[in-house]
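Residue numbers (this note's numbering), protein chains in the order written: chain S, 155 to 406; chain Y, 4 to 282.
Take these hints with a grain of salt, some might be off.
Stated by the list, open to error - What follows is a list of derived Cβ distance ranges for each label pair:
1. S:204 to Y:42: 52 to 62 Å
2. S:382 to Y:238: 57 to 67 Å
3. Y:238 to S:314: 17 to 27 Å
4. Y:127 to S:314: 51 to 61 Å
5. S:240 to Y:141: 51 to 61 Å
6. S:382 to Y:181: 32 to 42 Å
7. S:330 to Y:243: 45 to 55 Å
8. Y:92 to S:333: 43 to 53 Å
In short, the hints are calculated from the structure, not lab data.
Glycine included, each C-beta is placed from N, C-alpha and C at the ideal position.
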Amino acid sequence: MKGLMNYFPGDTFLHRMDPRSKILFSLLICIACFVTNDLYVLLGVFVLDLLIGVFGGIFKQALKLLKGLLKIAVFLFILQALVVCTGEPAFYIGKLAITWDGLKTALLGVLRLIDITLPLALMISLTRMSDLSNAMVSRWHVPYKYAFAVTSAIRFIPVFTTDLNGIMEAQTARGVEFDTRNFFKKVGLIVPLCVPLLISSVKKIETAAMAVELRGFNLRTKDSSSKVAKFRLPDYLLLLLGLGLIVLTVLL
Amino acid sequence: MIQMKEFSFQYASGKRPALKDIDLEIRPGDFVGVIGNSGAGKTTLTYAINGIIPHYYPGDFYGSVLVDGMDTVETKPEQLAGKVGSVFQDVDAQMVASYVEDELLFGLENFGVPKDEIEGRLQEALQRTGISDLRYREIESLSGGQKQKVAVAAIIALRPDVIVLDEPTGELDPESSEQIFRLLKSLNETYGTTIVVVEQKVGLLCGYAKRLVLLDQGRIVMEGPVREVLKSADRMEEIGIHVPRVVSLYKELVRKDLFHGAAPIHTAEAEKMMQEVLS
Ligand SMILES: Nc1ncnc2c1ncn2[C@@H]1O[C@H](COP(=O)(O)OP(=O)(O)OP(=O)(O)O)[C@@H](O)[C@H]1O
Ligand SMILES: [Mg+2]
């Protein structure tokens, strides 16, 4: 969760682009990948994903995401290779024929999975949550209340984690051993802590709600934001690229 | 600026009143320090000023609280918020944004500060709190003290007539605590901002506040100019408040009939007192 949604600060042209075009571009790529059955298009998109990583200065992060996807990819590959049994057999496992068709479908499936996941994950790593919510509110007229609720929920995760760690440390000091290997035992130890965590969280949220209202939350309108998202040349180019990709997949 | 008349409040879930028979007048430009033991009702007093009571916490509300002539019971909290800026006890919980800059922008944008004025106000608030270098930092990555400064900066950027602060130096080292109080003092002097601040460190408070309010079990036991209140240092010690050491010394000297002047507040005054006694 943490690695996936984390923002990686930087000042590349991808960082500076309008959050909306980044999200739209990712969605366009998703659509293109769903529509196409062409191996080369999918490979091309894969290269594009890596390029996003390079230009955004988060290539390492991209590789990490890839590594995370690897397990699911391998599983998917084997599953599809086994299930599809039309076409020429490539080789046999015992009596089971693995066909060229099966291998191709499996490869397409895996590439598609990666191509669909990476762009959105990478673009989100290049976009500040607050900029995205600002743009959504002022341009797409998403109600500010909802945008704020989502960003606040994400923001409070580390606060609560710190709280939980504090409670666990206090319990450890009293002799509770959390570093047990037994998964069920560990869960059994952590669950009771949820009560004090819940109480402190509710209190925090209460204060947060008051603080937010006393700073004029209810007076805010969609035009309040002083940072106005704006489409510039790179944004149009990026969207053009995404649209071009869709046209290409339809033509092929 | 703030008038409380026969004001009492009991939280709906409370067993006894958190504040009882409060009569308090705070004039424009006052700098009031609120002291008292844990549970004395200090936070509740700040809640009464910014309208959290009775608007967020239901309970039995008696008497009246007026802020700049507005009855807090009848005024919407966000309307009151244009007058009264609040810094809460829990630093983490009062943050609304992930970045320092956005934290300051939030209030400025909400209250409709003209867009061409926002940048100037933002820079001034950051500079006054001494955190200009933190502008683009993630709040999550700051220390408790730095967060506290951000909270104060976010409020002073709004330039309210009254600022209420609940233990704003709770997580600060002595030097940063002094810095916050110097800032409050300069706001108080340059803009005439009325300051109401809850503070545990009585010694620190006495160096800056003009008046003190001492709460005990929901009642005001003492109220007045700092020097007046300090004269009853014995009473404070009885209640369990830590009296500044110079004041204890002063009481001792007065008791032994060695000194007759006013109670010292700053180190310079203490020095003068000692010179007088020794000569
Ligand atoms: N939300 C609440 N519901 C019920 N009772 C409350 C609530 N908040 C505070 N009280 C009670 O009101 C009394 C005054 O509390 P308050 O928080 O104002 O004290 P305080 O002087 O700020 O203490 P501290 O120094 O610990 O912050 C206490 O007896 C407390 O138990
Ligand atoms: Mg308190």
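Broken hints, by number:
3, 4, 7 and 8
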